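Peer 1: Sequence:
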Amino acid sequence: MPREPCPEPVPGPEPSRFSVEEQEALRRGAWESIRHGLEQGRAPKVLPAEYPPPLRRWGAAFVTLELGGSLRGCVGSLEPRRPLVVDVARNAFAAAFQDSRFPRLSPAELPNLELHISVLTPLVALEVESRQELLQGLRPGVDGLVLEDPPYRATFLPQVWDSLEEPEEFVEELLLKAELPRDHWSPTLRFHRYTVEEL
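Residue 14 is where the sequence shown starts when you use this note's numbering, and the numbers rise one by one after that.
It is worth saying that the hints were derived from the structure and are not from the lab. Predicted model only: the values in this text are computed from it and were never measured. The hints are all genuine.
So the derived label-pair ranges between C-beta atoms look like this:
1) Q145 <-> K58: 48 to 58 angstroms
2) S29 <-> V137: 15 to 25 angstroms
3) S83 <-> E178: 11 to 21 angstroms
4) P135 <-> P66: 12 to 22 angstroms
5) Q145 <-> P120: 49 to 59 angstroms
6) Q145 <-> E178: 12 to 22 angstroms
7) P120 <-> E161: 37 to 47 angstroms
8) S199 <-> E63: 43 to 53 angstroms
9) A62 <-> L123: 20 to 30 angstroms
Listed below are the simulated SDA-like cross-link pairs for lysine to any residue, each with C-alpha atoms no more than 25 angstroms apart in a straight line:
10) K58 <-> A38
11) K58 <-> S119
12) K58 <-> A107
13) K190 <-> P171
From the three backbone atoms N, C-alpha and C, an ideal C-beta is built for every residue, glycine too.
Please take these sequences and the hints and turn them into a complete structure.
Peer 2: Structure (structure tokens):
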């Protein structure tokens, strides 16, 4: 995300918002949702009351599935709409069976499947008036970015910086993902940033 003036320092890792037990409960819920989908063909009913209070609070998360180092599904929420544990479980099911880019997950794939949960912080509006101002304000490796120019909308998680290291490339590819030209700019174009905690 050419940088002038000097970029802001990248903050160090922050303490987890969740205990080890809470992280394990979220991951267990995600895996159970996928296994239930394979066995029953539908998402399980998740009862938030059975989980610790931090997981009952509304939250937004993405669930990413990988197989052999390649993407196998990714579905998530940008804003809190339901208890976090429900959001994670439903997005895990959707990543496995409803991501239109991939066929439904098969039982044979389960043993080698990798699952990653990214819990989002609240979206923060980026008040920028030019593309250059946007590029200078982005924090590579830290920021997730939401791009919106109705009816078009797309996001990249911070993990995408691993393959798109330059701000210019990051923004261009996000525009293409939103089905907009890579050099698109308009008065109605809006950006929000967020960070994630990976579990």
